[in-house]
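Residue numbers (my numbering), protein chains in the order written: chain R, 2 to 274; chain W, 928 to 1195; chain B, 990 to 1307.
What the hints contain is simulated information worked out from the structure, not anything from laboratory work. Values in this document were obtained by computation on a predicted structure and should not be read as measured data. There could be a bad hint or two in this list.
[What the hints assert, rightly or not] Output of the computed footprint for chain R on chain W, the stretches with three or more beta carbons under 8 Å from beta carbons of chain R: (1) 1077-1084; (2) 1131-1143.
[To be verified] Going by beta-carbon spacing under 10 Å, a handful of chain R positions derived as facing chain B: (3) 17; (4) 21; (5) 27; (6) 30; (7) 31; (8) 34; (9) 35; (10) 89; (11) 91; (12) 92; (13) 94; (14) 95; (15) 107; (16) 116; (17) 238.
[Unchecked claim] So these bits of chain W aren't anywhere near chain R, every CB distance computed over 12 Å: (18) 974; (19) 978; (20) 1059; (21) 1103; (22) 1105; (23) 1114; (24) 1159; (25) 1160; (26) 1167; (27) 1170; (28) 1173; (29) 1188; (30) 1190.
Glycine residues also receive a C-beta, built at the ideal position from the N, C-alpha and C atoms.
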Amino acid sequence: MAEDVGLAERLRPYRVVLASRARSQRAYRTSFALDLVCSLLVGVVELAEIWVLFTNVSALGGLRFNQILLVFGLADLSFSMADLSFGHLDTLPDFLRAGTLDAFYLRPQPILLQLITSDISLRRLARAGVGAAALGVGLATGGVIWEPRTVALLVLGLVSGYATFAGLFVWAAGLQFFLLDGSEMTNAFVYGGRYAATQPASVWSRPLKLVFGFFFPMAFTAYLPAVTMLGLPGPGWLPAWLGWCAPAAAAWSWLMGLLCWRWGLRHYQGGGG
Amino acid sequence: MRATARVYWRLLVAGFRRQSAYRLAALGGLVANVTFGLLKVSILFATVRAAGGELHGYDVASMSTYVWLSQGMLGSVNLNGRTDLALRVKDGQVAVDFLRPVDLQAATIASEAGASVFALIPRGLPSVLLGALTIGIQLPTSPLLYLLGAVSLMLGIVISAATVYLIAVAGFWLVETRGLQIFYMLASGFLGGLYVPLSLFPQWLRTMAVATPFPSIMMYPVDVLSGLGGISEAARLVLVQLAWLAGVATVGQLLTRAGRRRLEVQGG
Amino acid sequence: MSGGIIEADGLSREFRVRDGKRKRLLTAVDGLTVRIEPGEAVGYIGANGAGKSTTIKMITGILVPTAGRVLTCGLRPVPDRRRLARRVGVVFGQRSQLWWDLPVRESFRILAAIHGLTGRQESSRTAELVEQLELGGFLSVPVRQLSLGQRMRAEVAAALLHSPELVILDEPTIGLDVLSKQRLREFLVGERRRHGTTLLLTTHDMGDVERLCDRILVIDHGRLAYDGDLPGLSRTVGAERVLVVDLAEPMPDLTGLCGARHLSSEAGGLRQRLGFDAEETTAARVLAAVSELAEVLDLTVEEPDIEDVVRRIYAVSR
């Protein structure tokens, strides 16, 4: 059996597993419908939190409501899509407890890749819908300066946001090898990160700017691209032009994620956990 | 009478002890808790400042109090709607529970409440302390308010246990309680004042919220403990909580009995 | 291939365990040196916690050894894990490698894709395994709805789908009924005959060992206590089989029977346990001897259990 096979052939096993998973999710009709509704409502409630605040004030962090929608839309859409493809990585503690991660070792594929392609959460599409709707309204009414650069930034922002959040899931998974029972700690930067990404970074204190502005680069996923598109200046330490550096944030997120993953896997093979 | 009281006390203590094994989990929860708290503080402070420093009775200091008290309560109230009992009702093991000489509702609630009260130690107190140290909170000065606060907190915990209990026993009739549980998860946090203080809600939404038991779970204890509105307001809120507790408990008791009869009829 | 299929040299693994408040070093595998040739069928037995699973994990690249080295199919298991995975098949008795909520057929399809089998390879191999293991009746049933016996057969098929040179089975017959065990054993014997597959089997069941293995490795407290064949093992250890007879009437202890020694009596002599050396006599002969003295209503034959054998081995090897 040849070792050098074509790309399509190499991708085949991942495609087969994902297709299988997708099929099995859609097969349980009512359950899936319920999951979709739930996912949708979660998105709606998250949006409602912000909306409630704006029934009291007209601007937060220098942004009006329909401008905040732009930030929220970018963040929630890219997060939901990342959650769809990478969200199940947080079941790693279950694999570790049951000893079923060993099965991954016995297959001729990288373990992280197996874990990533082991599932796909189609129900998140509903929540992505909420994000997309918010994004649409924000783009239409927020006062975005429309030029070719804006479109480029929009696409760049969305793709980088997706990649950044995906990297966070990998980062969290790598840490699970050490955290075990303390697995909730990673919620702080994964789901806390999502929350932070929907906020205008201008409301953050300096420590928060360091943590969610640079270390877990949440400001790059939505706020910074948004203010660049709106032609607004960013707050101190986070000038608007950083919106164009969103890909760098994604790269950083994946670098840290892969490092932690390797570190964690090595720990597991060294008999830890 | 004394014997049954002793039994329930034991259950409370057992629930209390159950949690002490999960120290690392508590630390993980604390980190997550404080992170969310800091983010909440950021956005809510910005809101208060944008409104000119005072918003529906909240200034920056009392807003901080709201954030840390609500975050501190998170580990002690059930805002996701899931319970072990729900699983037991689903697979029928609850029949065994009915054979025991304790009332299912009281035993379940006591056990849950015990665990919740314990959770205040690794989760509740540190969150409040960290919040006090980093941002600052303001607590009431009158000892009566503290007493009312403790009562209100306990009531909130018990109402939380009693309300999720309703979802579990609904499983006697509904094949799948997941829809109910999801609805509970979304409503209890939002209408319970977890994300935003209820005073900030537009009037119609606020009316909707007070028509549910959810504010009694979190918002009112936080309001009482933060001393907003003084003693008279605190007392009023505690009374509202008591009313809700009575209502939810009664419905729970009726459903339990009906559920038990249904189980017997079905030959469970 | 010039090398053995498994070559272990001083293989060791230590763990740091928390013992209350202190930490101590637990040696799970200690200086294991063994060489398994292609085509052998090796039984790997030992008490619980003796180090069997740890050895398997080091052979397959799941765990890194703390000392010594091992080569599996000529490859180093940890760095060359993915290449090795194509040549080894593993069956874990207590953990499933199949996709829990998918039909069995789907699992096979996925695995065929994972191992890069061509369409023809996939269909012919699947057909062969389905026939040999009698899986036809439940191919479209989700794995979680299968009985234990059915699931084990499916697991074995899954592990053999890519026709590996080495098959490792970790407690495959645990919890199975007698018929299922027999079927599985027959299949494994046949598979070896057809494809020359090497077999490494960890088990607690002496029946597995007797019917499947030509060579036995006994591990005790991490160390190799015996390496040889089964007759040699019984000889070394003097393990006894036990005949348990239920008599029609209570009898005094049946001592002095030729070839058998009296172990115990119950119910005032109604049930008696007689031990005998399998090398020297048979259960039938002992039964005949008993029948001359008393009427036998019912009987059972007990095999020497692994724990007993291992305990004796350790006593002998000291």
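Comparing the hints with the structure gives:
1. Evaluation of the coverage hint for the segment 1077-1084 of chain W: breached, as 0 residues show C-beta separations to chain R shorter than 8 Å, against a requirement of three.
2. Here's how the segment 1131-1143 of chain W fares: 1 of its residues keep a CB closer than 8 Å to some CB of chain R, so the rule of at least three is not met and the hint is violated.
3. Because the beta carbon of residue 17 of chain R sits about 4 Å from the nearest beta carbon in chain B, less than 10 Å, this interface hint is met.
4. Proximity of residue 21 of chain R to chain B holds as hinted, the smallest CB-CB distance being about 6 Å (cut-off 10 Å).
5. Violation of the interface hint for residue 27 of chain R is found here, the shortest Cβ-Cβ separation to chain B being roughly 13 Å, above the 10 Å cut-off.
6. Because the beta carbon of residue 30 of chain R sits about 15 Å from the nearest beta carbon in chain B, more than 10 Å, this interface hint is broken.
7. With 10 Å as the threshold, the beta carbon of residue 31 of chain R stays out of range of chain B, its nearest partner Cβ sitting at about 16 Å, so the hint is violated.
8. Given the 10 Å rule on beta carbons, the hint for residue 34 of chain R is violated: about 18 Å separates it from the nearest Cβ of chain B.
9. A cut of 10 Å between beta carbons decides the hint on residue 35 of chain R: the least distance to chain B is about 17 Å, and the hint is violated.
10. Interface hint at residue 89 of chain R: violated, since its Cβ lies 14 Å from the closest Cβ of chain B, which is beyond the 10 Å cut-off.
11. A hinted interface residue such as residue 91 of chain R counts as satisfied when its beta carbon comes closer than 10 Å to some beta carbon of chain B; here the least separation is about 18 Å, so the hint is violated.
12. The beta carbon of residue 92 of chain R comes no nearer than 13 Å to any beta carbon in chain B, farther than 10 Å, and the hint placing it at the interface is violated.
13. The restraint placing residue 94 of chain R at the interface with chain B is violated, with a minimum CB-CB distance near 16 Å, outside the 10 Å limit.
14. Taking 10 Å as the C-beta contact cut-off toward chain B, the hint placing residue 95 of chain R at the interface is violated, the least distance being around 12 Å.
15. Checking residue 107 of chain R against chain B: minimum C-beta separation of about 5 Å stays under 10 Å; hint holds.
16. Because the smallest distance between the Cβ of residue 116 of chain R and any Cβ of chain B comes to about 14 Å, over 10 Å, the interface hint for this residue is violated.
17. Below 10 Å, beta-carbon pairs count as interface contacts, and residue 238 of chain R has none with chain B, the closest being about 44 Å; its hint is therefore violated.
18. Not every beta carbon of chain R lies more than 12 Å from that of residue 974 of chain W, the smallest distance being close to 5 Å; the non-interface claim is violated.
19. Under the 12 Å C-beta cut-off, the non-interface status given to residue 978 of chain W relative to chain R is violated; the minimum distance is some 5 Å.
20. The beta carbon of residue 1059 of chain W is kept farther than 12 Å from every beta carbon of chain R, the shortest such distance being approximately 16 Å.
21. Chain R draws residue 1103 of chain W into its interface by the beta-carbon criterion, the shortest separation being 8 Å against a cut-off of 12 Å.
22. The Cβ of residue 1105 of chain W sits about 6 Å from the closest Cβ of chain R, inside the 12 Å cut-off, so the non-interface label is violated.
23. Once the 12 Å rule is applied to beta carbons, residue 1114 of chain W is inconsistent with being away from chain R; the minimum gap is 9 Å.
24. The beta carbon of residue 1159 of chain W sits about 25 Å from the closest Cβ of chain R, which is more than 12 Å, so the claim that it is off the interface holds.
25. With a minimum CB-CB distance of about 21 Å to chain R, residue 1160 of chain W clears the 12 Å threshold, and the non-interface call stands.
26. For residue 1167 of chain W, the condition that its CB be more than 12 Å from all CB atoms of chain R holds, with the nearest at approximately 22 Å.
27. With 12 Å as the threshold on Cβ separation, the claim that residue 1170 of chain W sits away from chain R holds: the shortest Cβ distance comes to roughly 26 Å.
28. Residue placement check: residue 1173 of chain W keeps its beta carbon more than 12 Å from all beta carbons of chain R (closest about 29 Å).
29. At roughly 28 Å from the closest C-beta of chain R, the C-beta of residue 1188 of chain W stays outside 12 Å, upholding its exclusion from the interface.
30. With a cut of 12 Å on Cβ distances, residue 1190 of chain W stays outside the contact zone with chain R, its closest approach being about 25 Å.
Going through the hint list in order, the structure does not satisfy hints 1, 2, 5, 6, 7, 8, 9, 10, 11, 12, 13, 14, 16, 17, 18, 19, 21, 22 and 23.
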